[in-house]
Structure formats: structure tokens, C-alpha cells
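Here are the chains, one letter per residue:
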Amino acid sequence: MDFRFSPEEEKFKEEVRTFFEREAECASAAKEEWDSGLGYGPNCWSILQKIGGKGWLCPTWPKKYGGLALPYMYRYIIMEQMQYYLNIYSTVGAGMAGPVILSHGSEAQKKEFLLPIARGEIEFALGYTEPQAGSDLAALMIRAEDKGDHFLINGSKLFNTRAHYAQYHWLGARTEMTEQKYKGISLFIVDLKTPGITISPIWTVGKTRTNEVFYDNVKVPKGALVGQKNRGFYYILEALDYERISTVSGIERDFVEILEYVKKTGKGKDPVIRQKIANLAVEIESARLLALRVAWMLNNEKIPNYEAGMLKLLVSETEQNLVNTSMQIFGPYGQIRKGSKWAQLNGKYERNYRDSLESLVTRGTSEIMRNVIAVRGLGLPRG
Amino acid sequence: MDFDYSEFQSILLNSTKNFLEKEAKGLFREIENTEEGYSPQLWEKIAELGWLGVLFPAEYGGIDGSFVDMVLLIEEMGKALFPGPFIPTMISGLAILKYGQASQKEEILPRMIEGKLILSPCLVEPDHTLDESIIEEKVSAGNGDYILSGTRLFAPYAHVSDRLIYSADTVQGKAVFLVDTKSPGVSCKPLDSIGGDKACEVDFNAVEVPERSVLGETGKGEDIIARMNEWGALAESAYIVGMLEQVLKMSVEYAKEREQFGKKIGSFQAIQHQCADMAMDIDQAKSLTREAAWKLSENLPSTKEISMAKAWASDAARRVCLMGVKIHGGTGVSEEHDMQLYFRKAKASELAHGDGDRHREIVIRQLGL
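Residue numbers (my numbering), protein chains in the order written: chain A, 1 to 383; chain B, 384 to 752.
Be aware that a few hints might be false.
No farther apart than 25 Å at their CA atoms in a straight line, the calculated lysine-lysine pairs in the PhoX-like style are these [said to hold, decoys possible]: (1) B:K632 / B:K709; (2) A:K207 / A:K31; (3) B:K565 / B:K488; (4) B:K408 / B:K730; (5) A:K13 / B:K678; (6) A:K302 / A:K341; (7) A:K276 / B:K400; (8) B:K632 / B:K400; (9) B:K678 / A:K11; (10) B:K646 / B:K632; (11) A:K193 / A:K183; (12) B:K632 / A:K302.
Computed footprint of chain B on chain A; a stretch qualifies when at least three of its residues, placed anywhere within it, have a C-beta under 8 Å from a C-beta of chain B [to be verified]: (13) 204-217; (14) 374-382.
No wet-lab data here; the hints were simulated from the structure.
We put the CB at the ideal spot given by N, CA and C, even for glycine.
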């Protein structure tokens, strides 16, 4: 049993850290853009392309596709540092769409998309959720009719975050009406500038932008289909397991900030605050260890069947502990928004308190995660 | 990075599981009503298996194992609810190994590892606001030797022990004494407690203790006590992890069998989510405990990690056992079913060597507050 990175991995981690320290100006500007909730600004693109230029966005990919053919642990190391410096630990292209294109895409698709994804030049918006299809993703209804030489797509998507700045839509659409709904779904890569697509903003309580996306007789080339027709749901499930990997380095960073705040303000003498902070520290460490274990599993080609779901659940709950504890420490000042002299730590935690709610429901709700643990992990019978 | 077991650990775990499978069924229930509270026959057997020597050097008959090996072993013991003075003997032996003089080590360790000596730490002084009838604390020293009087509480299995590790304040500061349990003036009385694990009241009535019984340096006793509590906290965390894994296993098995409203209750979301929460809670306790054990094994600073493990494991013990009781419904509260055994022993382990609040306080100090 060993909880350390190898000397080579440790050296690589230093290399990545040094890169971010050198690019501090661009990185902190990128982080500010991202934290504004508006999506990738110019500094985000800039830093992502610098990272991609080093092969670090998709380090496990073959070199010909812009990767470094490195083992998974190196990806984990990069994600940790990216999360710490940018609050962006991956792109959707690198983390979800790309791996599916790599495994199931056509040669033409691999040629067109993989290198730009790895270089940080393009981004994908997930096109899964609809008003009637959230956790029950198979209930999606947007229709992709096979017209012989193209597909004609009609319908709408809800809560498609990133659609307003991504170049491509990673679209799950229904190609066949089947009795078992998941058997009639296909995956498409759609250029979001295609005529007939309308993107309309939705704002979350955290003032993060997400979108409604409307497809009105949108013509999509045959080559946009990923893998086999009607097999899309399997690819989506595959991609979802990747999506649940994360690190706690952002939470750790924020914890250190709160700890410093408590030291500076002399609140460290309060026994209640002492207990709460200690509990938070322990929970964060336990989440970090689970993230490491999942990374190790992937590094050793073991499938984190339910562990990825457990990690997603634990990280989002730990984040809630952090924002809740912070607000309790600030007392009534915690409610004051950024801009006022009474706002604490620039109102960052007031915003986080609102914005962190999102991670309880995206990428799989906490309740779905519990279902996954129970059924896949413990073998309990499906309800 | 490696989350797998070493070959040695796989072998150790295999033989441990086989042994406990054969010998430990129903043992806790049977033995908690006896005077000893453990099985001397099985104590001999575990000595033969080498359990008592895992942490000790070959020169004393040990096998030079690590704290990780120890933790894995104790997890299995927790699963089986294996009762007895294993943890108190181990942490006492470790104190002698790290702080004892050569003569003390030679006198105690080989026989302890052979299964011939049981040791018990007597470190907890009573709360004077709770009982006036306590023996007055007295430590007098004359021509190098000591005469000790006092009461110590919650000394695990002191009544069947051969040696006590007794702490007291001397004029030079805290001292730790290695005392023969049969010394005149020593009396050990097992207290009837929730965990049935024979926490004793130990009374010292003018016990004569020669100077050479001091463990380490007089006045440096605080360090020894702190370390013993760290090792004890880690060991109890591991025992808790094992117990909770077994509780989850029992609960899932029950949920897969028990039918109500025409369905297995394991198909109900409430039950599924409770089991998922238990699984995550246990995973957290396990990772923290193993990390702490690993740091200790590598001689890296481990105080914070040990307290993190004990803090989490202590609270998880109640959370998980409570859920286990609930999932079992009526059988969960009946004496006949094993669930209540785990629930009770979990409380004892939660309290041993510092509960959640106590260890969170240690964590926050380690963080610089």
C-alpha cells in the first residue's frame, strides 16, 4: 500500500505546477472568467490552448491525436493542477466527447476532431437533457429522421451548458421509436452554427449561464453520426462514467483560504468553529483519497464501476460542507454579495453557496449516484 | 501509488479470514458473559499464527511487519467481532519496544509474542467530580523506589493481564510504570459496560514499584501516553472499519432476502440509499485509517492522519450501526440477532482512545489553530 506518486509522477507534477506559476497572469484571468459563470472567455481559450499545446489536455491519447500516450495518473495530476489554478479540470471535448470518438468514431471524425480537441481549439456542449428527460435520459424525444443523405433534426434541449460558446453540440437524439426507449437513441456531432439552431440563455441561482437549444428542421450530414445508429445510449453511459471523475484540489485550495481567514480574524478560539473546520478537513482528505483510488484504478485498467459514482457523490457533498461551513463562520456577513465593503473574501463564498447547488444535480444527481452504488456496487435489486 | 495488498498481506489476510471463520462464530456473544471476556485457548492460537508478533522485530520472536499489516489484521478481527485484549496488549508492547530498556524488552516482549503475557494500559484518571470515593492519588518516592496509590479507569482486560502500564504524576513530571498485575495492593475489577469488552477499574493501594519499572524517562511520560493513545486510536479505527463492513454486509444480505409489500426491501430506494451512504461512510473511514497506518509505517508524521481516521471512524461507527439496526427492523433490536452486538461494541470502540470530538480537536491543532 502506498499513497504517494512515483518519483517520475512527482517530477511531472512539479513541471505542471511550474507551468501554471509561470502563466499566473493568464491562468488567474481565465479563472476569473470561468468563475463569472459566463463560460470560456478569451483567457480561458488562451490557457487551454497553451495546456493543449503541451499535449496535456488529452495526455493519455496517442501522439498522433495530440496526446502523449501517458498513463492515466498523469491525466489525474494535470486535472488536479488545472482545478487548482483555473477551476476548470477538463474540457467536455477532452473528457467526454473525445474518448467516445476515439473508441467509436469514424476515421473521418477522428481526423476532424481529435487533434483540435487535444489542442484546446474546440469545445463541445453536452446535448442530453430535455424538459422531460433528466435522470431518465432515455426519455429524450428530440427527433433525428434519417432522410437518406442527411438527418433532419427537430426538438429542443434544456440545461445544455456551454452551448453558447462551444463549437459543437454532442447531441443525443432519437432515431427510432422503440419500446425500450434507450434502444432508439443515436449520438451526433452537430456544428452549432448550422441553420435552424437557436440558443436561448437560462440563468442558474449561481448566475451561471446555461441554455435552451431549439432545433427547427436542422439538416445534419450523415457523417455527423457517431458510431452505430441506435447505439448512442451505450456510448452516453460510457462517457458518463468518465464524467464523474474529479479532484478535490479546488476544495482544498478554498479550505486553506478559509483556514487562513479564521486564523487572521481570531475566530480560531471558538470551539464550535474548531470542530466544524476539523470535520471539513477530514471529509476533504477522505474525498481526496477516493479520487486517488479511482485514478489508480483507471491507471491500472480496473473499471471504477461504482467508485466513480461514489466519488461524484462524495465530492459534491464535501463541497456543500465547505460552502456551508464557510457561511456559518462568516455569520450574517456571509450573506453580503461581492461589491460591498461588508462582503467577506470578496463575496466568493456567497456566490459559491448558490453556484455549488448545480453540482448536486448535474453529471448525475446525488440520488442517482446512490442508486448506482446500491445496485452496481452492493448488488441490491433494481426497484 | 498502490491500493493493492502485498503478497505477504494477501497471505496474512487469507489465513486470518480462515481462522476467524472457523473459530470466531458466535464467540463474542458467548464470551461477553464470562468472567475473562476472552478465550485463553484462542489467545494461544493467535500467538501461533504470529498475530502478536506482527509489529515486533524478529529478535523478540516477531515478524517485522508494518502498521499497514496490523491494520489489515485488525479489520478482519473487527468483522468477526473477535474479542480479547489484542489491542491493549499490542499498544503496551509497542510502548515497551519504543521506550523500554533492554532488560524490560527482553523480559516482556518474547513472552508476550508467544502468548504468555497480556498487558493493559492504565492511563485514564477518574473524573473527580463524579465520585468522591476514589482512592487518593499518591506518588511517593523513597530511595529510588515508588509507592503508588490511585484509581485508573477503562483499563481494557486489566483483570486478566500480567502487566499494567500505569501512568502517574511524579515530582519530576509524568511517569509511566511497568507494573506486575499481581503486585500487592493492585486490584482490577471489570466494569459491566455496553461493549462487554471488560474495561476495568484498577485500584492501586500503596503499591510498591521499584525504580527500574519506569518506562522511558521519568518526566517524559506525556510522550509515551500520547503515542500509546495514537496507536490505540489507529487500532480501534481499524477494528471499527471491520465491524462496519460486516454490518453493511449483513444489512445488504438482509435487504436482499426480506420481503414486504410483495417485494424485497432491498429494491426500495430508501433502503438502497441508506446502504449507499453506509458504503461511502465506510470507504471514507477505511481510506483514512489505511493512510494513517501507511504514514506510521513509513515513519512519516502521522499524528494528524491518525486523528483524522479516528475522528471519522468514531462517528461513522454510530451512523452505520444505527442504519444497520434500522434496516433490520425488528430483528435489528432483538438480542438474538448479531446486529445489536455490533451496535454495542461500536460505542465502546468509538470511545476508546478519544472519540470524534477529541480527535477533531487534535486535527485542528495540527492545522495550526
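Hint check:
1. B:K632 / B:K709: 14 Å, holds
2. A:K207 / A:K31: 16 Å, holds
3. B:K565 / B:K488: Holds, at about 19 Å.
4. B:K408 / B:K730: 21 Å, holds
5. A:K13 / B:K678: 21 Å, holds
6. A:K302 / A:K341: Violated, at about 51 Å.
7. A:K276 / B:K400: 38 Å, violated
8. B:K632 / B:K400: Judged against 25 Å, a Cα distance of about 15 Å means the pair holds.
9. B:K678 / A:K11: Holds - the C-alpha atoms of K11 of chain A and K678 of chain B are around 21 Å apart, at most 25 Å.
10. B:K646 / B:K632: Measuring from Cα to Cα gives roughly 20 Å; hence the hint holds.
11. A:K193 / A:K183: Roughly 29 Å between the alpha carbons, so the hint for K193 of chain A and K183 of chain A is violated.
12. B:K632 / A:K302: 23 Å, holds
13. 204-217: Since 0 is below three, the answer is violated.
14. 374-382: With 8 residues close enough to chain B, the hint holds.
Hints 6, 7, 11, 13 from the list above are not met by this structure, while the remaining hints are.
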